[in-house]
Structures are given as structure tokens and as C-alpha cells.
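Listed below, chain by chain, are the residues.
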Amino acid sequence: MSGPVDDGRTDQSTNSGPGATAAPGPPHAGAPVPVLALHGLSKSFGGAQALDNVDLTILPGEVHGLLGENGSGKSTLIKVLNGFHAPDSGSLEIAGEPVALPLPPGQFRELGLSFVHQDLGLILELSVLENLRVGELIAQRGAWIGWRNERRRAHETFARYGLELDPSAPVGSITPTERALLAIVRAVEGIRSAQSDRHMSHGLLVLDEPTVFLPADGTQQLFGIVREIVSSGDASVLFVSHDLDEVREVTDRVTVLRDGRLQGTVNTSETSEPQLVEMIIGRRLESLALPSQQLTGHDVELSVRGLCGGSLEDIDFDIRRGEILGFTGLAGSGFEDIPYLLFGAQSGRAGTLSAQGITFDLTQMTPDRAVRNGFVLLPADRQRDGSVPGLPVGDNVMLQVLPTYKGPMGLRRRQLNRRAHGLLQEFDVRPPDPRATYEELSGGNQQKAMLAKWLQTEPKYIFLHEPTQGVDVGARAQIFSMLGDAARDGASVLCASSDYEQLAAVCDRVIVIARGRMAREISTDVTKERIAEQVYNSVTLRETTQEVAT
Amino acid sequence: MEASTQPPTESPKASTESEAAVERAEERPRRRPVSNARSMQFLERWALLFAWIAVVILFSLIKPDTYPTSGNFQTIFGSQAVLLMLTLGLILPLTTGDFDLSIASNMSLTSMLIAVLNVNHGWAILPAVVAGLLAAILVGVINGALVVLIGIDSFIVTLGTGTVLLGIVQWISNATDVTGTSQVLTTWTIGHRIGGISLIFYYGVAATLILFYVFEYTPLGRRLLFVGRGRSVSRLSGLRVSRIRWGSFVCCGLFAGLAGIMYAGSLGGADPASGQTFLLPAFAAAFLGATAVYPGRFNPIGTFIAVYFLVSGITGLQLLGVQNFVQQLFYGGALVIAVALSTLARRRGARAPS
Numbered sequence: 028m029s030g031p032v033d034d035g036r037t038d039q040s041t042n043s044g045p046g047a048t049a050a051p052g053p054p055h056a057g058a059p060v061p062v063l064a065l066h067g068l069s070k071s072f073g074g075a076q077a078l079d080n081v082d083l084t085i086l087p088g089e090v091h092g093l094l095g096e097n098g099s100g101k102s103t104l105i106k107v108l109n110g111f112h113a114p115d116s117g118s119l120e121i122a123g124e125p126v127a128l129p130l131p132p133g134q135f136r137e138l139g140l141s142f143v144h145q146d147l148g149l150i151l152e153l154s155v156l157e158n159l160r161v162g163e164l165i166a167q168r169g170a171w172i173g174w175r176n177e178r179r180r181a182h183e184t185f186a187r188y189g190l191e192l193d194p195s196a197p198v199g200s201i202t203p204t205e206r207a208l209l210a211i212v213r214a215v216e217g218i219r220s221a222q223s224d225r226h227m228s229h230g231l232l233v234l235d236e237p238t239v240f241l242p243a244d245g246t247q248q249l250f251g252i253v254r255e256i257v258s259s260g261d262a263s264v265l266f267v268s269h270d271l272d273e274v275r276e277v278t279d280r281v282t283v284l285r286d287g288r289l290q291g292t293v294n295t296s297e298t299s300e301p302q303l304v305e306m307i308i309g310r311r312l313e314s315l316a317l318p319s320q321q322l323t324g325h326d327v328e329l330s331v332r333g334l335c336g337g338s339l340e341d342i343d344f345d346i347r348r349g350e351i352l353g354f355t356g357l358a359g360s361g362f363e364d365i366p367y368l369l370f371g372a373q374s375g376r377a378g379t380l381s382a383q384g385i386t387f388d389l390t391q392m393t394p395d396r397a398v399r400n401g402f403v404l405l406p407a408d409r410q411r412d413g414s415v416p417g418l419p420v421g422d423n424v425m426l427q428v429l430p431t432y433k434g435p436m437g438l439r440r441r442q443l444n445r446r447a448h449g450l451l452q453e454f455d456v457r458p459p460d461p462r463a464t465y466e467e468l469s470g471g472n473q474q475k476a477m478l479a480k481w482l483q484t485e486p487k488y489i490f491l492h493e494p495t496q497g498v499d500v501g502a503r504a505q506i507f508s509m510l511g512d513a514a515r516d517g518a519s520v521l522c523a524s525s526d527y528e529q530l531a532a533v534c535d536r537v538i539v540i541a542r543g544r545m546a547r548e549i550s551t552d553v554t555k556e557r558i559a560e561q562v563y564n565s566v567t568l569r570e571t572t573q574e575v576a577t
Numbered sequence: 004m005e006a007s008t009q010p011p012t013e014s015p016k017a018s019t020e021s022e023a024a025v026e027r028a029e030e031r032p033r034r035r036p037v038s039n040a041r042s043m044q045f046l047e048r049w050a051l052l053f054a055w056i057a058v059v060i061l062f063s064l065i066k067p068d069t070y071p072t073s074g075n076f077q078t079i080f081g082s083q084a085v086l087l088m089l090t091l092g093l094i095l096p097l098t099t100g101d102f103d104l105s106i107a108s109n110m111s112l113t114s115m116l117i118a119v120l121n122v123n124h125g126w127a128i129l130p131a132v133v134a135g136l137l138a139a140i141l142v143g144v145i146n147g148a149l150v151v152l153i154g155i156d157s158f159i160v161t162l163g164t165g166t167v168l169l170g171i172v173q174w175i176s177n178a179t180d181v182t183g184t185s186q187v188l189t190t191w192t193i194g195h196r197i198g199g200i201s202l203i204f205y206y207g208v209a210a211t212l213i214l215f216y217v218f219e220y221t222p223l224g225r226r227l228l229f230v231g232r233g234r235s236v237s238r239l240s241g242l243r244v245s246r247i248r249w250g251s252f253v254c255c256g257l258f259a260g261l262a263g264i265m266y267a268g269s270l271g272g273a274d275p276a277s278g279q280t281f282l283l284p285a286f287a288a289a290f291l292g293a294t295a296v297y298p299g300r301f302n303p304i305g306t307f308i309a310v311y312f313l314v315s316g317i318t319g320l321q322l323l324g325v326q327n328f329v330q331q332l333f334y335g336g337a338l339v340i341a342v343a344l345s346t347l348a349r350r351r352g353a354r355a356p357s
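Sequence lines, in order, name chains A and B. Quick note, the first sequence lines up with residues 28 to 577 if you use the working numbering. Quick note, the second sequence lines up with residues 4 to 357 if you use the working numbering.
Derived pair list, reagent style SDA-like, types lysine to any residue, alpha-carbon separation capped at 20 Å: (1) A:Lys433 - B:Leu223; (2) A:Lys433 - B:Phe215; (3) A:Lys433 - B:Thr221; (4) A:Lys433 - B:Val217; (5) A:Lys433 - B:Arg226; (6) A:Lys433 - B:Ile213; (7) A:Lys555 - A:Gly501.
Just a sample of chain A residues kept apart from chain B, beta carbon distances all over 10 Å, derived: (8) Ala58; (9) Phe72; (10) Asn109; (11) Gln134; (12) Gly173; (13) Thr184; (14) Pro194; (15) Thr246; (16) Gln247; (17) Ser296; (18) Glu300; (19) Thr386; (20) Arg503; (21) Met509; (22) Asp512; (23) Thr551.
Have a look at the derived ranges for each label pair, beta carbon to beta carbon: (24) B:Gly335 - A:Arg462: 29 to 37 Å; (25) B:Trp174 - A:Ser381: 53 to 61 Å; (26) A:Gln373 - B:Phe158: 25 to 33 Å; (27) B:Ser82 - A:Gln373: 46 to 54 Å; (28) B:Leu283 - A:Gln76: 57 to 65 Å; (29) A:Pro430 - B:Gly336: 38 to 46 Å; (30) B:Leu223 - A:Pro131: 51 to 59 Å; (31) A:Asp115 - B:Gly335: 53 to 61 Å; (32) B:Phe158 - A:Arg440: 33 to 41 Å; (33) B:Phe158 - A:Arg457: 35 to 43 Å; (34) B:Leu347 - A:Gln373: 31 to 39 Å.
To be clear, the hints were calculated from the coordinates, so they are not data collected in a lab. Backbone N, C-alpha and C fix where the C-beta goes; we use that ideal spot for every residue, glycine too.
Using the sequences and the hints given, assemble the complete structure.
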């Protein structure tokens with residue numbers, strides 16, 4: 028490991044990689060007053076340090092990228108700026124003026140800050156105009172809304188950004204790209220009105236992963252608006268993203284966080300892609316050779332061909348008997364839909380699933396049919412999709428097998444209870460009391476109870492989504508070994524997860540999904556780092572992506 | 004591809020181990036001195052029963068000459084079997100998470116159909132009864148289809164169909180009372196008495212016990228509960244949620260039909276309006292019943308206790324000479340209080356440790 032930033036623990040501020048600038052290095056001549064300067068920001072949750080002494084400086088007229096993996100502290104930093112989190116320490120200056128932290132909720136507006144989050148915050152049933160003016164309409168005193176006037180103003184606003192949007196169209200009827208642009212225009216209008224009210228000239232637009240759900244040309248349009256906003260001098264932009272290509276394309280400088288620590292702030296144009304990846308995941312890239320796995324026909328237990336659904340297109344793969352196959356990708360890539368599509372919980376647009384000589388049409392799949400054929404699904408949302416939290420653990424765990432306990436006088440309730448108790452002990456659910464309410468259990472025990480519910484039916488195919496979300500470390504290890512046992516007993520397991528460590532721990536093979544397509548396959552040396560690396564590669568090199576041959 | 008849930012593999016060793024463990028688990032509460040929580044739980048489960056007994060004792064003390072008489076108890080038990088039957092039908096869709104507001108009109112339809120066919124059209128009583136019952140079931144089928152197939156909110160669907168049914172009842176009866184149905188029907192509802200109480204009371208008891216068995220001792224009962232409390236988990240567990248919801252509407256129609264037969268028998272005919280007055284009491288009794296025996300769940304035994312608690316109270320008040328409007332006060336108040344209590348019970352049960 029010979030990279031300049033192979034170890035973030037040494038000294039974060041003296042990052043000396045090519046293109047790295049020492050702290051607030053101004054890209055322009057002179058020393059303009061930063062729009063926003065955060066110094067020594069720290070925040071911990073419980074024992075976990077989400078942000079550790081982080082600095083961030085945003086200059087006037089720049090697009091500043093904020094990069095980092097899940098859990099690197101990006102969202103915590105954003106939530107400090109919008110007043111959601113109170114930091115443990117740190118100072119903030121806006122346009123050179125110190126501002127006391129924590130910010131009261133809503134304060135950011137008066138400071139000239141505005142946020143667009145991934146969900147955009149639009150109301151689909153209302154019109155473009157109503158969404159654009161929602162803040163003012165709520166605050167407006169008079170009883171009269173001059174709709175004609177409002178429409179004219181909206182047209183003018185859109186024209187300024189080169190947008191052609193019908194103000195009276197419902198937001199639900201415009202394209203996802205137009206929605207994102209509308210949300211951005213609305214945010215900039217918010218900044219402009221704060222500027223004119225308070226006679227200030229600075230502003231900062233924070234775009235929090237706005238491109239995740241956009242098609243490629245939509246992303247370009249969005250960048251066009253971002254450049255327009257910056258060049259017109261309305262505001263600087265903080266662009267938060269996972270996507271290296273996008274960050275490299277649109278930003279002037281980039282700040283990278285890893286594990287809550289600052290990895291450095293660099294000039295984008297002077298930094299290569301491998302250097303950025305290295306800063307993000309903490310090690311150097313290895314060769315990009317695609318390891319290919321030749322599957323022998325006879326031990327394939329489950330084959331999926333041509334699966335399309337949600338944002339997924341043409342997914343083909345096989346799972347062998349006893350194999351644990353992982354699926355992962357960045358947020359919005361669509362990997363998390365795979366278990367639900369195969370199980371029939373969501374309906375696909377096309378595709379087939381073959382198992383044991385039966386071919387299922389995935390556009391017609393239902394959970395009922397899936398269960399009858401030995402498929403099980405452990406959904407990520409245990410409380411909503413996996414259980415009835417208010418009912419006893421025993422009822423939840425035994426729902427599947429009730430018919431086996433039918434006697435001549437109806438359900439053998441004693442026997443049912445006894446079996447539930449035994450099962451809970453076998454899966455180490457604490458307490459193993461079938462009469463306890465499900466929601467009284469801790470996250471780990473809830474998930475172990477879910478495994479008990481499904482594994483007692485000896486399923487042949489197990490589909491999992493984020494199986495260890497909200498599960499403590501001890502239970503995690505137990506769940507891994509239960510899954511390992513199930514696979515050893517001959518089940519084929521599919522696990523969709525964004526937790527690379529977990530994938531590395533349980534999976535024999537991992538397929539990376541990027542933008543709805545299969546992008547990479549890791550079948551040897553499945554480690555956390557390699558998965559992370561392939562996930563980032565899958566996005567950065569998408570132009571040359573080849574589909575994995577199966 | 005038939006249902007192939009494999010039987011759980013229970014090795015002999017594991018089962019003896021778990022048996023012993025269950026014994027331990029089951030003995031634990033017995034050995035422990037009765038804790039506060041357990042006695043509170045007991046009190047909660049049976050509070051409504053105690054309240055019923057208290058009401059009976061109270062009125063017996065106030066009106067020793069008229070209330071605690073066999074005649075009065077015969078009235079209490081006999082007169083409200085129709086309400087009991089109707090409420091038992093109602094708790095089926097309520098358990099699966101749907102409303103049936105058409106249930107009282109459906110009952111009116113059955114009783115009016117029997118009366119019109121038997122009296123005006125000269126049908127024999129048995130075919131008339133069968134026709135009435137089939138009509139009620141058909142209404143359940145239609146309600147279920149609208150809710151499940153088209154996906155309309157059951158509240159709106161049954162509000163609509165209930166009003167349509169009311170119109171049909173007025174139409175086929177020319178909005179007048181039809182009396183003079185066959186004596187056979189009357190004999191088999193209120194004519195015969197066992198222990199001084201007319202036969203329909205025992206029909207109600209039988210229906211209560213059958214539903215109790217279904218709710219507590221069949222897989223179907225558990226499935227109804229899961230469908231009502233967690234649509235998503237039920238679907239993902241392979242339950243045919245739509246079929247179960249639809250089925251509960253059909254069975255609700257069946258119970259409404261049975262109630263209609265009993266109503267026609269006890270009136271010796273049918274009137275186009277009075278059936279509607281059962282709607283609110285049925286909801287009041289169902290929600291009040293859900294605070295008892297298995298708090299937080301609609302259940303048949305709780306429903307039985309709730310119906311007779313309400314009737315005993317109202318009968319007592321009427322004996323005191325209180326005006327008729329007390330019925331509305333009593334039923335309406337009971338509904339609101341019952342819903343408040345069961346919501347509180349469920350919330351307390353649902354207090355997440357997260």
C-alpha cells in the first residue's frame with residue numbers, strides 16, 4: 028500500500044496527494060471569504076463517532092463535492108447544517124460571520140442555505156405551481172391568491188433556468204428529471220428570496236444525492252442547472268453523491284470522508300479517479316479483471332433469466348445448491364428489489380425463474396405460489412413485512428406451520444406452544460417465551476425468530492434483504508452461522524445487502540448491480556474491500572461495462 | 004403444487020428437552036406469588052364480565068320486584084339473540100381489518116324477503132327462509148368482490164351497499180310492515196323454550212361457541228387475525244389475503260342472514276325500518292367485546308358478554324322508567340368508550356422497546 032492516503036489515521040489535514048490542497052485552498056486568485064466554513068466538527072451517537080474533527084470550506088461560486096461510503100458521516104454533516112443534529116463540538120462561519128451551533132430548526136433558511144434531498148419533498152397530487160410556491164402560499168396572509176399572477180411569475184422563474192414546465196400540470200405527471208429540476212429551482216428561489224429579504228449576496232444549495240433515481244440524460248440536465256446557478260452567482264453548491272463520475276464532472280473541489288474522518292479536500296481537475304476511490308475506501312484499486320465463474324449445469328438449483336422489474340433490466344444468474352449468492356450496489360441501483368421480484372412480492376415486467384424443473388413466469392409470481400414451492404423471503408422491514416409486532420412471538424413464528432398441528436379437536440395448542448418454545452430455544456431467541464410479544468424482543472432476537480419461522484419449513488430457496496439490519500454484533504454472528512447451516516443442508520440462498528462486511532462474511536459469490544444492470548461479479552477473494560472497490564468501479568466505468576456472462 | 008408445508012422435524016431428543024423446558028416455563032408463573040401485572044391482566048380480561056354482574060346486582064337491589072325475576076331474565080336473554088348473531092357476524096370482517104356497515108340492512112333484507120315471499124307470494128316457509136339466507140350471502144359476495152377485486156375502502160363500499168339494500172327493502176315491502184309469516188318459523192325461534200328461555204338464545208350460544216372454536220382452535224382463526232393485523236406479512240407468508248378477506252365478508256353475510264331469519268321469526272313478519280336500529284348496537288357490542296377476554300382482539304366470548312352487558316343495563320334503566328332515548332345514550336356511549344379502551348389496550352400492548 029503505497030498510496031498517499033492509504034491511512035487516514037495519520038494526519039488528516041496534511042493530505043499531500045496529487046491535487047490535494049492544504050485545507051481551504053482557494054482555487055481562485057485572492058482569498059475570497061468562504062460561503063460556509065465548518066471547523067473541527069464532531070458528533071457521536073452512543074459510542075460511535077459519526078464525525079470526528081471534520082473541516083469543510085465552501086467558496087463562493089464553486090460546486091463542492093462531498094464523497095464517502097455509507098456511514099462515512101456525510102448525512103450526519105448535512106443534518107448538522109439543517110439543524111437536525113446538534114454537534115458535540117465544532118464551529119461554523121457563514122460568509123465570515125460566526126454562527127452558533129447547533130442551529131435551531133429552520134434557521135438555515137435565514138442563513139441562505141437550502142437543501143434538496145433524495146426524496147425531493149414534492150407533493151405529487153399538487154400542481155407544479157403549487158409545489159413551487161408552497162412555502163409562500165402557506166405563509167401568505169391575505170385571503171386571495173392571484174393565480175394568474177402566480178402562473179406568470181412561475182413561467183418567468185422557469186425561463187430563467189431554461190426550463191419548459193407547465194405550471195398547472197400535476198407534479199405526478201411530469202418526468203422524474205423534471206421533478207428533480209423543479210425541486211432544485213424551488214430551493215434556489217428560496218435562497219434568492221432570503222437574499223433579497225436580508226440583503227445578503229451569499230447562498231448555498233445542498234444537493235443530497237439528487238441523481239440517484241435519474242436517467243443519464245436527466246443527470247446532464249441537472250448538471251446544466253447546477254452550473255447555471257453557480258455561474259449566475261446565486262449560490263454555491265454542495266453536491267453529495269456516491270457517484271464518482273458525476274462528482275468528477277460537475278464539481279470544482281471535493282471533500283472526502285471516511286469513517287467520520289476527513290480524508291482531505293482536493294481540486295477535482297487535479298485528482299485522478301483511482302486516487303479518489305482510494306480516499307473513499309482506504310486502499311488502492313486492484314486490477315479490474317472480471318473473474319468469471321463457469322457454472323456446471325447439473326448442480327444449478329435456481330436460474331433466473333431476463334428479469335426486468337423496478338429499475339432492473341435483464342438480470343440473469345444461477346444459484347447452485349448450497350451456495351450463498353450476494354447482490355449489492357449503490358443506493359438506487361435496484362439490487363434490493365431482486366429478492367422481492369423473485370418471491371412475487373413485487374411483480375416484474377419480464378423474466379423467468381426455473382427451479383426443480385418448474386419454470387415460473389416472474390410477471391405472474393405470487394408469494395403464495397412461492398411459499399408452496401419452498402421459497403422463503405426475509406424482508407428488511409421485519410416490523411411491517413415480517414411480523415405482526417403486537418402479537419405473541421409464538422403466533423408469529425408458527426403461522427406457517429399451523430396446518431400440521433390440526434388434530435381431530437382443532438389446533439393442538441399445547442403441542443403448538445411446546446414446539447414454538449423448542450424452536451425459539453434452538454434459534455437462541457431470548458427469552459424463548461412464545462407468549463412474549465414480538466415487539467418486546469431486541470432487533471437481533473426478532474431476526475432470529477424470523478429465521479426460526481422460515482427455516483423450520485426447510486426451505487430450498489432462501490431470499491434475504493438486509494438480514495442483519497439493526498442486529499447487534501453477537502446475533503449477527505449467530506445469524507451468519509444459521510444461514511451457513513441452511514446452505515450446507517442444501518438450500519440455495521440469495522442475500523441482497525448494502526453491508527459489504529456481511530456479504531463478505533456469508534457469500535460465496537457477490538454480484539454488483541449498477542444502474543439496474545449486472546455490472547460485476549466477485550467469485551474469488553470475497554472481502555469487504557473488494558466488494559466496496561467493485562461497487563465503485565461499477566459506477567465509474569459504466570461506459571465500458573460488460574454484462575457478466577453466465 | 005398443493006400446499007406443501009413440511010411437518011416440522013422434531014427429533015425425540017429435542018422434543019423431550021423442549022418439553023421439559025416448557026414445563027419449567029409453564030410452572031414459573033404458578034410458583035411465583037401472583038404478581039401485580041398478572042392480577043391486572045386477569046382483571047382486564049374479565050372486567051366486562053364483572054361489570055355485567057355488577058349491573059345485574061345493582062338493578063336487582065334497586066328494583067327487587069321486577070328486575071331479578073325469571074320473566075325479566077327471559078326477556079333479556081331471549082330478546083337480544085338477534086343482536087348477538089349480528090354482532091358475531093360483524094367481528095369477522097372487523098378481525099380481518101374491514102368494516103361491514105351493510106350488515107343491519109342485510110339482515111332487514113333477509114327478514115323482509117322471507118315475509119314477502121311467505122305472506123305476499125304464498126311460498127312455503129322453508130324455501131322462503133332459504134331464499135332469504137342466499138340473498139344475504141350474495142350481498143356478502145358482492146361486498147367482498149367490491150372491496151377485494153376493485154380495492155375500494157370497505158367503509159365506503161358497505162355504506163353504499165347498505166343504503167342500496169335499504170332501498171330494496173322499502174321497494175319489495177312497499178314501505179309497509181308485512182305480518183303473518185308462518186307459525187312454524189315463530190315456533191322454532193321464540194315458540195319453544197328451554198329452561199324458560201326461547202330457542203333463539205341457544206342459537207346465539209351455539210353460534211358463539213362455533214366462532215370461538217374457529218377463532219381459537221383452527222389455523223383459519225389465526226390467519227384471520229394476521230390478515231387483519233398485518234396485511235403485508237400475511238401476503239409475504241403466502242396467505243391468500245384477498246380470499247380470506249372476501250370469505251369473511253361472505254360469512255358476515257351468512258350471519259346477517261341467520262339474524263334476519265331469527266328476526267322474522269320473533270316478529271312474526273318484518274318491518275322495513277327497525278332492522279337499521281341494530282347497526283350501532285352491533286358495533287358497540289363488537290368493540291366493547293374486544294376489550295374483554297382477549298383484550299385488543301375481536302372475540303366471540305367477549306362479544307357475548309358485551310351484548311348481554313348492554314342489554315342488562317338498558318333493560319334495567321327502562322324498568323326505572325327512564326325514557327327510550329337512554330338506548331341511544333347507552334349504545335353510543337358504549338361504542339365510544341369501548342373503542343377508546345381497546346385503543347388504549349392495544350397501544351399499551353404495542354409499546355415498543357426500541
